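Q: Starting from the given sequences, assemble the full structure and let the hints guide the process.
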Amino acid sequence: MSPALDLPTVWAFIIAFAVFAYVVMDGFDLGIGILFPTFKPGRERDSAMNSVAPVWDGNETWLVLGGGGLMAAFPLAYAIILPALYAPIIIMLLALIFRGVAFEFRWRDPAHRAFWDVAFTGGSIIGTLAQGVTLGALLQGITVEGRQYAGGWWDWLTPFSLLTGVSLVVGYAFLGATWLVMKTEGDVQAHVRRMAGWLGAATIGLIGVVSAVTPFLKGAYYENWFAWPNVLLTAQVPLLVLVGTVLFFRSLMRGHEYWPFLLALGLFGLSFVGLGISMFPYVVPGAVTIWQAAAPDSSLIFMLVGAVVLVPIILAYTGYAYWVFRGKVGQEGYH
Amino acid sequence: MFDDISALTLARAQFAFTVSFHFIFPAFSIGLASYLAVLEALWLRTKNEVYLNLFKYWLKIFALAFAMGVVSGITMSYQFGTNWSVFSDKAGPIIGPLMAYEVMTAFFLEAGFLGVMLFGMNRVGPKLHFMATLAVAVGTFISAFWILSANSWMQTPQGFTMNAAGQFAPADWLAIIFNPSFPYRLVHTVLGAYLTTALVVGAVGAWHLLKDKANAGARVMFNMAMGLVAVAAPIQIFAGDMHGLNTLEHQPAKVMAMEGHFQSHPDGAPLILFGIPDQKAGEVRAQIAIPKASSLILKHDLNAPLAGLETVPREDWPPVPIVFWSFRIMVGLGMLMLGLGAFSILARVRRSLYDWPLLHRFALVMGPAGFVAVLAGWVTTEVGRQPFTVYGLLRTAHSAAPLDAPAVAASLLAFVIVYFVVFSAGTGYILKLMSHAPHPGEPGLEETPDQPIRTAGITPAPGIHHAAEGDAS
Numbered sequence: 001m002s003p004a005l006d007l008p009t010v011w012a013f014i015i016a017f018a019v020f021a022y023v024v025m026d027g028f029d030l031g032i033g034i035l036f037p038t039f040k041p042g043r044e045r046d047s048a049m050n051s052v053a054p055v056w057d058g059n060e061t062w063l064v065l066g067g068g069g070l071m072a073a074f075p076l077a078y079a080i081i082l083p084a085l086y087a088p089i090i091i092m093l094l095a096l097i098f099r100g101v102a103f104e105f106r107w108r109d110p111a112h113r114a115f116w117d118v119a120f121t122g123g124s125i126i127g128t129l130a131q132g133v134t135l136g137a138l139l140q141g142i143t144v145e146g147r148q149y150a151g152g153w154w155d156w157l158t159p160f161s162l163l164t165g166v167s168l169v170v171g172y173a174f175l176g177a178t179w180l181v182m183k184t185e186g187d188v189q190a191h192v193r194r195m196a197g198w199l200g201a202a203t204i205g206l207i208g209v210v211s212a213v214t215p216f217l218k219g220a221y222y223e224n225w226f227a228w229p230n231v232l233l234t235a236q237v238p239l240l241v242l243v244g245t246v247l248f249f250r251s252l253m254r255g256h257e258y259w260p261f262l263l264a265l266g267l268f269g270l271s272f273v274g275l276g277i278s279m280f281p282y283v284v285p286g287a288v289t290i291w292q293a294a295a296p297d298s299s300l301i302f303m304l305v306g307a308v309v310l311v312p313i314i315l316a317y318t319g320y321a322y323w324v325f326r327g328k329v330g331q332e333g334y335h
Numbered sequence: 001m002f003d004d005i006s007a008l009t010l011a012r013a014q015f016a017f018t019v020s021f022h023f024i025f026p027a028f029s030i031g032l033a034s035y036l037a038v039l040e041a042l043w044l045r046t047k048n049e050v051y052l053n054l055f056k057y058w059l060k061i062f063a064l065a066f067a068m069g070v071v072s073g074i075t076m077s078y079q080f081g082t083n084w085s086v087f088s089d090k091a092g093p094i095i096g097p098l099m100a101y102e103v104m105t106a107f108f109l110e111a112g113f114l115g116v117m118l119f120g121m122n123r124v125g126p127k128l129h130f131m132a133t134l135a136v137a138v139g140t141f142i143s144a145f146w147i148l149s150a151n152s153w154m155q156t157p158q159g160f161t162m163n164a165a166g167q168f169a170p171a172d173w174l175a176i177i178f179n180p181s182f183p184y185r186l187v188h189t190v191l192g193a194y195l196t197t198a199l200v201v202g203a204v205g206a207w208h209l210l211k212d213k214a215n216a217g218a219r220v221m222f223n224m225a226m227g228l229v230a231v232a233a234p235i236q237i238f239a240g241d242m243h244g245l246n247t248l249e250h251q252p253a254k255v256m257a258m259e260g261h262f263q264s265h266p267d268g269a270p271l272i273l274f275g276i277p278d279q280k281a282g283e284v285r286a287q288i289a290i291p292k293a294s295s296l297i298l299k300h301d302l303n304a305p306l307a308g309l310e311t312v313p314r315e316d317w318p319p320v321p322i323v324f325w326s327f328r329i330m331v332g333l334g335m336l337m338l339g340l341g342a343f344s345i346l347a348r349v350r351r352s353l354y355d356w357p358l359l360h361r362f363a364l365v366m367g368p369a370g371f372v373a374v375l376a377g378w379v380t381t382e383v384g385r386q387p388f389t390v391y392g393l394l395r396t397a398h399s400a401a402p403l404d405a406p407a408v409a410a411s412l413l414a415f416v417i418v419y420f421v422v423f424s425a426g427t428g429y430i431l432k433l434m435s436h437a438p439h440p441g442e443p444g445l446e447e448t449p450d451q452p453i454r455t456a457g458i459t460p461a462p463g464i465h466h467a468a469e470g471d472a473s
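If you read the sequences in order, they're chains Y and H.
Last residue of the first sequence? That's 335 in the numbering used here, and every number before it is there in order.
Last residue of the second sequence? That's 473 in the numbering used here, and every number before it is there in order.
What the hints contain is simulated information worked out from the structure, not anything from laboratory work.
Treat the hints loosely; a few may be bogus.
Said to hold, decoys possible - Here chain Y is said to cover these stretches of chain H; the calculated rule only asks that three of the stretch's residues, wherever they fall, bring their Cβ under 8 Å from a Cβ of chain Y:
no., segment
1, 82–89
2, 94–103
As the list claims (entries may be wrong) - Under 10 Å between C-beta atoms, here's a sample of chain Y residues computed to sit facing chain H:
no., residue
3, A72
4, F74
5, P83
6, F302
Since we're looking at a predicted model, the values are computed, not measured.
Even glycine gets a Cβ: it sits at the ideal position worked out from N, Cα and C.
A: As structure tokens, then:
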């Protein structure tokens, strides 16, 4: 394991960034879909949905960059992981179709709005569950022979993958609730603030359970976390989670509007760093490292030039789009 | 039930089904985004309300088509891995970066500014809003650039070496991006998208003119659409011819299948207008043909020799009947588009563009013709590439993921059911929007009168404004 910053390592960080950007951005809007049934039909549901309507499309584009980027930078990993996780990935894609079109369709067809609301919630829950299962199935290991997946078709379904699936549903709902604390006011805000408290406690509990189980899945995970002197560094992650937890509940109780969301993102970020500590330098845990899976240098350099220039520009105009739609989702003028 | 159908056939059916459904939406939204940009520019220049009304009218339709394009497109970016993993492993180092550039230069641009374009007029003002519309329109074109470059590389691969792992390793990116068939395919496809949109806009205009020939919005859209059809249809036929000649140079077997030439013709090949290709027997039955005309078109010489599929090993033949028929459907519709354009010019000369019901009925019937032609053309070029994924180098049979038939059958079934439910509903909503006549004071997405709640939700600015005035209820 070379500590030098070579091309595959740089690309591992870029792909990880894209996946994290996806989790952060689509996480809260999928979370709103998950929480949708807890809002009253009519004004409450409409403003919850409208708080993400102008941005969901851009959020989901990070999923395409994650997938496309993996194919481009680590084609072997893409070719092994996707067939191995065939069922959860197909289910995720179908679920995201339902919840994506629901944004438009529910306005176009008031007579069937209830149906598209169910599609919105169902799509969000099932899509998130499938993403969480995918993560768990990847972490627990994939059987590889030569350059192909060689396991069975139900290998992905285990208690651990179900645990990560449920955890992600709870976690996204947590992000969605804190987002709405920021974007709403009045009764709705009081409602989501309560939800944020419960979901925050549940998310942190589940982070604890998943973190406790993960090091015992594979030899390398345990080593990565507990080998001396690495443990001095890795131990900072759970410590920071504890600090974040305290800060989160304090900001929620003090009635802050922005901090709960930012701290929720911080907790997700720490979980993601933890994930990175477990997996690195493997991209298919226990089977294929980033160096084995990397595309030829000529591919990686060609894309790196584009990514260095374009990703900051993308972040800038994505920021602009969020800024245009900043502030509360209004209600007062329209009772 | 699926025992006698191979996993490979099912995977191909699934890819064909999902990509065909997906392709419909960009084929429409590439042209529509440009049309919206033109309408908004005309409104900003002339301040004529009719352009703003038309802009808002088509924006609602665009929003629906775009959403369906996005969700069906995400599926495509994962299906390379789920179902064509060996292809992804081998060709990923070349196809992957091209698609990554598509995401970074086009998808983010479109998605980033779509929200402003759809809901932001009141928040950013008309000038910035126009920039957002322009960004979306340019984004759709950039997207076409990269994905067609990737597709063209699969047809006419160059600029690579094979590495030790059996992968196509890029050696010269300019040669890869601007591979021989790319310029032709790009021009032909983008023109096809513009024609598709023009035919839809023209049909909607015609429908409303048939009901009320004084409707200002219907007149403007019909006028603009027929203008584009009249100009673009002949250019498209010329571009298609050039594309065909390019294909003859690089993929002769595909042209043989399009023409139905099983046998070689040493002294002038006939142009088979119709017939029933028999792949097994290697002949076209019941054919109606013009002697030597094919040589004239392809070689510009009546007596030029043309080789037939008999010169190609049988295991390298594409499925001839599909290619033969889809090509004829595309060309036939192209000729009808040319006819519609000519008809509209005649109507202009006679000053009866808005009151010639026969023209309007013709335009109405031609509404879906662009979609059918684009799909037929796509089938011609993709099925004509068979039996390879990377032409001449990687066989389709050696590209598929190691999946069992029941797994693929189940996912194919799920895709069919979901796509029919979701996309037929969406198409229904689009038709419903189109059935309303454009009118002055056309509501936009953020101000549809029967949806007051959306106003509150999507443009909080007025809400905040009212609250500030103490007008809280």
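Q: Evaluate each hint against the coordinates.
A: Hint check results:
For the segment 82–89 of chain H, the stated coverage by chain Y holds: 6 residues have a C-beta nearer than 8 Å to a C-beta of that chain, and at least 3 were required. Remark: the segment 94–103 of chain H is confirmed as covered by chain Y, as 9 of its residues place a Cβ nearer than 8 Å to a Cβ of that chain, reaching the required three. The beta carbon of A72 of chain Y comes within 3 Å of a beta carbon in chain H, closer than 10 Å, and the hint placing it at the interface holds. Taken as an interface hint, F74 of chain Y checks out: its beta carbon lies about 8 Å from the nearest beta carbon of chain H, inside 10 Å.
With a cut of 10 Å, the hint placing P83 of chain Y at the interface with chain H holds, because the nearest CB-to-CB distance is about 4 Å. The criterion of a C-beta within 10 Å of any C-beta in chain H is met by F302 of chain Y, whose closest approach is roughly 5 Å, and the hint holds.
The structure meets every hint from the earlier list without exception.
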